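**Student:** As given, the protein sequences belong to chains A and B, one line each in that order.
The numbering of the first sequence is the numbering used here, which starts it at 1 and goes up by one.
The numbering of the second sequence is the numbering used here, which starts it at 360 and goes up by one.
Mixed in with the good hints, there may be bad ones.
Straight line, CA to CA, 25 Å or less: simulated DSS-like cross-link-like pairs of lysine-lysine [unchecked claim]:
1) B:LYS435 to B:LYS382
2) A:LYS133 to A:LYS62
3) B:LYS435 to A:LYS253
4) A:LYS17 to A:LYS30
5) A:LYS60 to A:LYS80
6) A:LYS133 to A:LYS60
7) A:LYS109 to A:LYS17
8) A:LYS75 to A:LYS62
9) B:LYS458 to A:LYS253
10) B:LYS395 to B:LYS584
11) A:LYS253 to B:LYS465
12) A:LYS253 to B:LYS584
Where chain B lies over chain A, by a calculated footprint (3+ residues, C-beta under 8 Å) [said to hold, decoys possible]:
13) 179 to 188
14) 247 to 259
Think of the hints as simulated: they come from the structure by calculation, not from any bench.
Nothing here was measured: the structure is a model prediction, and the numbers come from that model.
C-beta atoms are modelled at their ideal positions from N, C-alpha and C, and glycine is treated no differently.
Each chain, written out:
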Amino acid sequence: MDIKLSTATGNMLSKEKERQHLAKNIVSDKKFLLRALFSITGLIAAIFVNHFFPQIADVKIKTYNVNLLGLFPVKLNITKAYSIVLITIILIYAGIGIYSWFDNDRRKKYINRAPFRFACGIALSVWDILGTKTLLLPQPFFPGPSRILEAPLMEGGYIFENILYSLRLFTAGFVSGVVLGIVTGVLIGWFPKVYYWVSPVLRITGVIPAVAWMPFALTLFPTPFLAAVFLIVICAWFPVAFLTAQGISGTQKVYYEVAKTLGARTPYLVFRVAIPNALPQIFTGISTANAFAFTTLVISEMMGQPGGLGYYINASRVWSAYYKVFAAIIIMAILFSLIMLAIGAIQNWMLRWQRGIVK
Amino acid sequence: MSEPALIEIRNVFRNYIDTYDNKVEALSDVSLSVRKGEFVSIIGSSGCGKTTLLRLLAGLDVPNFGSLTIDGHEIKNPDPERGYVFQQGSLFPWLTVEKNIAAGLKARGVYKKQKADVAKYIDLIGLNGFEKSYPHQISGGMAQRVAIARALINRPTALLLDEPMGALDSFTRADLQDKLLELWKRDRTTMVLVTHDVDEAIYLSDRIVIMTPRPGKISEILEVKLPRPRDRADAEFNMLRSKILEKLHLASTKQVPEYQI
Chain A
1 MDIKLSTATG NMLSKEKERQ HLAKNIVSDK KFLLRALFSI TGLIAAIFVN
51 HFFPQIADVK IKTYNVNLLG LFPVKLNITK AYSIVLITII LIYAGIGIYS
101 WFDNDRRKKY INRAPFRFAC GIALSVWDIL GTKTLLLPQP FFPGPSRILE
151 APLMEGGYIF ENILYSLRLF TAGFVSGVVL GIVTGVLIGW FPKVYYWVSP
201 VLRITGVIPA VAWMPFALTL FPTPFLAAVF LIVICAWFPV AFLTAQGISG
251 TQKVYYEVAK TLGARTPYLV FRVAIPNALP QIFTGISTAN AFAFTTLVIS
301 EMMGQPGGLG YYINASRVWS AYYKVFAAII IMAILFSLIM LAIGAIQNWM
351 LRWQRGIVK
Chain B
360 MSEPALIEIR NVFRNYIDTY DNKVEALSDV SLSVRKGEFV SIIGSSGCGK
410 TTLLRLLAGL DVPNFGSLTI DGHEIKNPDP ERGYVFQQGS LFPWLTVEKN
460 IAAGLKARGV YKKQKADVAK YIDLIGLNGF EKSYPHQISG GMAQRVAIAR
510 ALINRPTALL LDEPMGALDS FTRADLQDKL LELWKRDRTT MVLVTHDVDE
560 AIYLSDRIVI MTPRPGKISE ILEVKLPRPR DRADAEFNML RSKILEKLHL
610 ASTKQVPEYQ I
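Whenever a hint applies, use it, and build me the whole structure from the sequences.
**Tutor:** And the structure:
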């Protein structure tokens with residue numbers, strides 16, 4: 001009887017603890033709203049600074065005629081544009097906030113990010129004061145945030161053309177590099193003869209940074225575009241080929257034996273056993289190649305392309321238009337992040353069978 | 360019982376060189392015939408060559424000497440007519456349960472024609488609702504059911520099982536044994552089971568082949584005449600068990616320690 005009682009109380013105690021534990025983890029409405037407000041306070045401060053902080057230094061605020069999406073002609077100066085950007089970010093945060101409202105896990109994530117978002121707003125305010133309002137930062141190297149927006153206002157169309165050029169170059173080079181890498185990797189991993197002859201070549205040439213081949217590329221290929229594609233291809237090719245080969249040759253014998261007893265022939269063994277088995281490594285290769293490809297893309301654009309974001313940076317630097325350099329850098333950050341997100345999504349989907357095995 | 364022999368193993372020798380450069384006689388002059396529709400277990404301590412023998416039957420390995428035939432033709436390569444169920448962890452981790460079972464159909468290029476079989480075999484092994492699960496999401500017993508279904512979907516004349524229940528707990532194991540018997544009775548597929556579990560061998564088989572190690576050879580073949588379903592607590596069952604255990608102990612008196620420190 002005693003024992004039963006004590007376990008019963010024990011149970012109640014542990015349940016009480018569990019409830020407390022759960023209560024700790026639940027984000028209350030009030031807490032969430034306060035934190036959400038906190039996260040946009042920084043940005044609101046940035047808007048206030050931009051509007052009400054006296055313009056001490058002498059800066060010309062130019063107004064541009066901008067045709068948004070080619071449909072809405074508007075007049076914008078950089079201060080207005082900056083406010084629009086800040087308001088857009090606030091609206092995005094608010095949107096995410098509304099989306100997060102309905103789920104406790106998302107709420108937690110959202111309030112966890114609040115301090116960082118607040119700090120971003122404060123940083124923008126300080127930057128605005130030092131870079132635009134008082135010009136205390138050395139000019140023209142460190143323009144204020146609104147000044148950076150002058151680049152897309154002034155030549156948005158031209159920047160867009162350069163983005164397209166970069167994207168074309170990257171897609172052509174990276175996709176062919178990855179495909180070539182997978183093909184070589186499978187051949188190396190599957191045929192010992194190919195391993196013997198190709199693998200040393202891969203090991204030696206693979207460590208050379210692709211841009212070292214630039215002088216040859218520029219003379220051997222008819223157009224600078226093709227030369228840059230070639231450089232990106234070889235920089236993506238090495239890590240993908242290397243890791244694919246590793247994944248293929250690391251396939252457990254038992255999988256081949258299973259397939260053989262089920263009646264499989266060589267094509268099945270390659271395409272439905274070895275390659276799926278190597279897929280995690282192939283994706284490791286692809287993400288490494290991705291990082292290399294960004295570097296190669298920008299360097300080759302800076303050194304002899306008629307377009308692209310790298311070219312735009314270089315061309316702007318010549319005119320000391322550092323605000324354009326910053327604009328291009330910010331665009332790159334966004335663009336490359338999106339590309340990495342897309343690759344990550346593909347990887348997640350193709351390796352969905354690994355969920356639960358690997359963290 | 361008067362069925363003609365389906366599998367004939369004649370004077371088979373298989374040697375290999377181990378990691379210490381010693382010559383190991385995995386099989387020495389092994390002869391055995393298995394009738395069509397028969398359930399045969401091969402039992403023996405580890406290292407007696409029972410798995411080697413099964414691999415030779417599958418065509419995953421070739422003998423140094425002797426011949427193995429099925430239905431009169433020689434076994435040279437793996438073939439879906441001889442299904443093989445491996446020990447744990449042989450499911451393709453990148454395929455769902457459903458697709459693992461369909462693998463045999465796809466490998467033989469008959470998937471489009473026999474697609475409907477997949478659902479049938481899932482039903483047969485009682486894994487409805489787990490079609491879309493990946494191997495790591497199901498239990499060990501379920502995984503071995505899938506492995507059996509994957510081999511059976513090719514409608515093999517013989518099913519070779521290499522300790523398929525070795526790593527399972529005893530409840531799951533008993534459950535799977537009954538499932539295996541059920542499948543055997545249904546299609547009368549000839550079964551050759553390698554095991555180190557004496558009870559399992561008695562519970563399932565028509566005949567039990569006892570093998571002894573170094574060199575691996577057949578020491579005795581026992582017929583089990585108990586009616587099915589067999590009772591593990593039955594007096595005759597127990598007698599048979601002690602008899603086999605005695606043989607195995609006798610067989611292992613000359614045994615050298617298996618692991619050297």
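**Student:** Evaluate each hint against the coordinates.
**Tutor:** Hints versus structure:
At roughly 24 Å between alpha-carbon atoms, LYS435 of chain B and LYS382 of chain B fall within 25 Å of each other, so this suggested pair holds. This hinted pair checks out: LYS133 of chain A and LYS62 of chain A have alpha carbons roughly 15 Å apart, not beyond 25 Å. Restraint check: the Cα-Cα separation between LYS435 of chain B and LYS253 of chain A comes to about 19 Å, which is no more than 25 Å; the hinted pair holds. Between LYS17 of chain A and LYS30 of chain A the alpha-carbon distance is near 24 Å, which keeps this suggested pair within the 25 Å criterion.
Under the criterion of a C-alpha separation no larger than 25 Å, the hint pairing LYS60 of chain A with LYS80 of chain A is consistent with the structure, at around 14 Å. Pair hint LYS133 of chain A plus LYS60 of chain A holds up; C-alpha atoms about 11 Å apart against a cutoff of 25 Å. For the proposed pair LYS109 of chain A and LYS17 of chain A, the alpha carbon gap of about 24 Å is at most 25 Å, so the pair holds. Taking the CA atoms of LYS75 of chain A and LYS62 of chain A, the gap is about 10 Å. The hint holds against a cut of 25 Å.
Taking the CA atoms of LYS458 of chain B and LYS253 of chain A, the gap is near 20 Å; set against the 25 Å cutoff, the hint holds. Taken as a hint, the LYS395 of chain B and LYS584 of chain B pair is honoured in the structure, with Cα atoms around 17 Å apart against an allowance of 25 Å. At most 25 Å may separate the alpha-carbon atoms for a hinted pair to count; LYS253 of chain A and LYS465 of chain B meet this at roughly 20 Å. With a C-alpha separation of about 39 Å, the suggested pairing of LYS253 of chain A with LYS584 of chain B is violated against the 25 Å cut-off.
Residues of the stretch 179 to 188 of chain A lying with their CB closer than 8 Å to a CB of chain B number 0, which falls below the three-residue condition for coverage. Given as covered by chain B, the stretch 247 to 259 of chain A passes the check, having 5 residues with a CB less than 8 Å from a CB of that chain where 3 are the minimum.
When the structure is compared with the earlier hints, violations turn up for hints 12, 13 and for no others.
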